[in-house]
Amino acid sequence: MKKFLITAVTCVSVSALVLVACNKDPQGRTDFAKQLDPADVDANAGSWKPVLLSAPDEFALAAPLATTSPDYILQVSEVKSLQADITPAERAIVDYWSAGAILRWNEILRDLVSRHNLPPYQNEDGSYPFPSANNPLAYPLFPFANPPYAARAYAYVTAAQYDALVSAWHYKGVYNRMPAYKTDSLVKVLVPKSTLPSYPSEDAVVIGATVEMLKLLFPGDQEYIMAKAAEHKLSRLIAGANIRSELDAGEALGKAVASKFLARARGDRAGAAAGNQAAWTKLETDCMARGETPWYSLEFPKRPPMLPVYGKVKAFLFDSLTAISLRPGPPPSVHSEEMKKETEEVAAFVKNPSREDIRITHYWADGVGTYTPPGHWNAIAAEDFIGKNFSEVRWARNLALINMALMDAGIVCWDTKYFYFNPRPAQMDPSIKTLTGVPNFPAYISGHSTFSGAAATVLAHIVPERASAYQAMAQEASRSRMVSGIHFRSDCEVGITVGNNIGNYAVQRAMIDGAE
Amino acid sequence: MRTLNKKMMMALLACSIGFHALAQTDIDAIMMEKNAFCVGPMYTHSSWKDYWEGTLKRENLNLGRVTTEMYGIMGNYGVTRKLNALFSVPYVRTKSSAGTLHGMDGIQDLSLFLKYRALQHKMGDGKLSVFAIGGLSVPLTDYPADYLPLSIGMRSKTASARVMVDYQQGNLFATASGTYTFRDDIEIDRTSYYTTEMHYTNRVKMYDMTNINVRAGFRNHRLIAEAIFNQSNSLGGFDITRNNMPFPSNEMNATSVGVNIKYVIPALPQLSVVVGGMQVVQGRNVGMATSVYGSFFYVLDFSRKTKSVEPSNNSN
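Those protein sequences? They're chains A and B, same order as listed. Letter 260 of the first sequence, counting from 1, is numbered 259 in numbering that gives the first Met the number 0, and no numbers are missing. Letter 22 of the second sequence, counting from 1, is numbered 21 in numbering that gives the first Met the number 0, and no numbers are missing.
It is worth saying that the hints were derived from the structure and are not from the lab. Wrong hints could be hidden among the right ones.
Some residues of chain B that are not near chain A, with every Cβ distance over 10 Å (derived) [as the list claims (entries may be wrong)]:
#: 1; residue: PHE36
#: 2; residue: ASP49
#: 3; residue: LYS121
#: 4; residue: LEU139
#: 5; residue: ILE187
#: 6; residue: THR209
#: 7; residue: VAL280
#: 8; residue: VAL291
Derived Cβ-Cβ restraints for the label pairs, each shown as a range [unchecked claim]:
#: 9; chain 1: B; residue 1: GLY177; chain 2: A; residue 2: PRO119; range: 39 to 47 Å
#: 10; chain 1: B; residue 1: VAL272; chain 2: A; residue 2: PHE31; range: 33 to 41 Å
#: 11; chain 1: A; residue 1: ALA471; chain 2: B; residue 2: THR79; range: 56 to 64 Å
#: 12; chain 1: B; residue 1: ARG92; chain 2: A; residue 2: GLY290; range: 51 to 59 Å
#: 13; chain 1: A; residue 1: ASP285; chain 2: B; residue 2: LEU234; range: 40 to 48 Å
Ideal placement from N, C-alpha and C gives every residue a C-beta, glycine not left out.
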């Protein structure tokens with residue numbers, strides 16, 4: 000028995016060592032991103048061209064408290080008392096948020112999209128329920144953050160953040176209020192010192208604008224969002240970077256700017272994008288009238304097409320006539336020799352898929368339960384921007400440009416998909432098995448390709464030294480949809496071209512917005 | 000000898016589950032004689048239609064019936080009468096009967112076990128044996144794990160420690176074992192994923208697992224017929240969210256029952272046949288799998304003394 004015990008003890012201890020060695024929580028790439036210390040604070044950003052604001056001072060901001068006022072002195076004391084005994088948890092909050100307000104809220108937005116990117120389960124009778132914004136916590140949860148919904152969410156949030164920061168930069172210049180630590184040496188500073196005035200707080204401006212937008216976009220997640228906002232504000236006080244009235248003023252300004260975006264969002268026709276049975280049937284009959292085979296859902300039970308009227312949503316970078324003009328010519332007829340060849344090509348790809356084809360499929364799939372392809376491009380952009388040391392306002396501007404292009408790419412892509420309503424490869428040839436789930440909407444043109452073409456074009460303008468890398472990523476994303484059996488070659492190739500064209504609208508804007 | 004190893008079963012947990020309790024030499028009380036080597040092919044067919052999304056039992060019309068087939072080679076070498084070394088290598092193939100998803104196939108993980116009989120005692124009219132078993136497994140190819148329920152395995156490198164007690168009286172026996180399996184993080188093809196929060200990494204934490212296995216029945220030198228109960232649990236992980244796909248770090252638990260029969264061919268005592276089946280009866284984030292399996296084993300004797308060694312020489 001003794002011998003047995005020794006054996007058992009040895010086994011357990013060896014195993015325990017292995018446990019210690021290999022069971023740590025994997026660290027995220029941006030978990031410990033360095034504190035943002037911009038190379039250039041972009042002091043003139045108050046004069047950059049906003050997206051919706053008529054002028055940077057469209058919303059008024061009262062003057063800051065006099066530094067001699069009792070309130071001001073009290074607020075500086077509040078910071079000092081918060082700094083009296085900083086716990087490791089508080090220090091961690093400061094480090095987390097000081098990597099950048101735009102970066103962290105972009106990550107939170109991607110988190111919300113991932114959480115909500117789940118197609119509803121069918122009803123007993125084989126129909127499907129639709130999420131309701133008025134009852135977001137009932138199943139199916141609102142929203143279903145599919146790629147078009149997500150693209151629109153990223154665009155509105157980042158564009159609102161950008162306008163709010165332009166306005167904030169304007170008022171920083173107007174009031175030129177320096178942070179408390181400049182006059183009171185007892186205030187510690189746990190973040191890089193900035194040459195920028197601290198009123199209003201740029202962090203709080205971002206909080207105000209973002210929280211307000213997220214109320215509309217993710218109404219069921221207010222508790223989570225408000226907790227993040229409270230933590231972010233606290234981090235600025237603990238860091239000694241702001242006093243409370245700077246935060247309050249910033250938050251109020253951010254909210255005011257967001258109100259313009261909320262009004263636009265409520266009237267941009269996205270609410271009607273799901274269509275109805277009559278509209279779905281018409282897509283089918285119109286397609287048959289053209290002598291083509293209409294798309295049908297490959298799901299069981301057949302699911303209504305995803306957001307068939309999303310193509311009518313109001314774009315950011317161009318008007319509705321331009322949107323229609325960006326729609327490409329038709330795909331090869333389903334009866335054509337060319338379509339037959341393209342179907343055979345896809346069938347050949349999936350017959351014996353290579354590991355590399357499986358890898359790129361899964362790398363770019365961004366399907367159910369993920370932040371979607373637009374979110375993937377946000378992640379790519381954000382991780383590159385960390386190394387660029389952009390100011391908050393330039394972070395916001397660059398992400399807004401990318402996301403407006405992504406949203407508009409979604410609009411033109413969805414317009415094209417439902418204009419032609421053509422089948423997926425696995426509908427043309429049911430023997431085609433796919434390396435990832437088949438999206439529930441028509442094939443032509445590929446969403447991944449259009450999104451990627453647009454994002455890569457804008458990113459190439461922002462980070463020119465990576466231009467060829469971004470275009471190569473877009474090509475790989477596009478190709479992944481073909482080798483996985485989801486798309487025909489023409490869906491992908493035309494998609495990239497259309498995406499590039501849309502990206503160029505953002506580049507045109509970038510060249511005249513005052514930031515370059 | 001029967002080796003359907005633990006790791007293989009773990010790997011199949013999500014796609015087919017219920018392999019845990021298949022007949023396997025690393026989880027039974029049979030020892031090979033010194034210098035004897037037993038080897039053979041194994042085939043397993045496992046499938047399910049219903050599965051548990053968290054605790055909710057459901058079907059998925061876009062998967063239909065998910066089938067996993069496994070072709071394995073297993074071996075057991077008697078280093079000494081008290082110490083056996085075991086290995087197995089499976090080739091796995093998956094498919095679904097509905098929907099468009101492509102099946103996967105490939106060589107999965109190499110598993111190695113050292114099985115040590117620490118104690119053997121007469122107790123009452125019977126005999127009590129205590130075993131300590133250590134196992135390791137490592138993926139042999141870079142198959143994708145993040146393609147559940149159709150991936151061929153979980154890719155996690157594992158180390159397991161098991162304590163097993165066996166009691167035999169006459170032709171009746173009972174074996175009980177408890178296993179703790181350490182699992183290493185895995186890498187997936189994506190750069191981020193969502194569990195109950197966002198992760199910006201391609202590394203996935205795989206929670207350790209425990210397993211309890213109880214088997215009892217008839218055992219002599221010619222025939223083993225046993226009933227099996229198996230309980231396998233993840234020590235962490237999250238539930239599949241509503242109508243989402245499964246993920247390698249889901250909490251995967253399964254309760255299975257089954258039978259296992261081994262018969263040594265009288266005319267050719269080096270050769271034995273094993274057949275059996277298992278059914279998952281309760282689970283979490285796993286399929287309600289029904290599995291059947293069969294294998295042949297042939298004993299090669301490398302010792303100088305005897306020409307033939309019966310494989311189940313521990314019995315009586």
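>> Check the structure against each numbered hint from earlier and tell me which ones fail, lowest number first.
In response: As far as the earlier hints go, 5, 10, 12 and 13 are violated by this structure, in ascending order.
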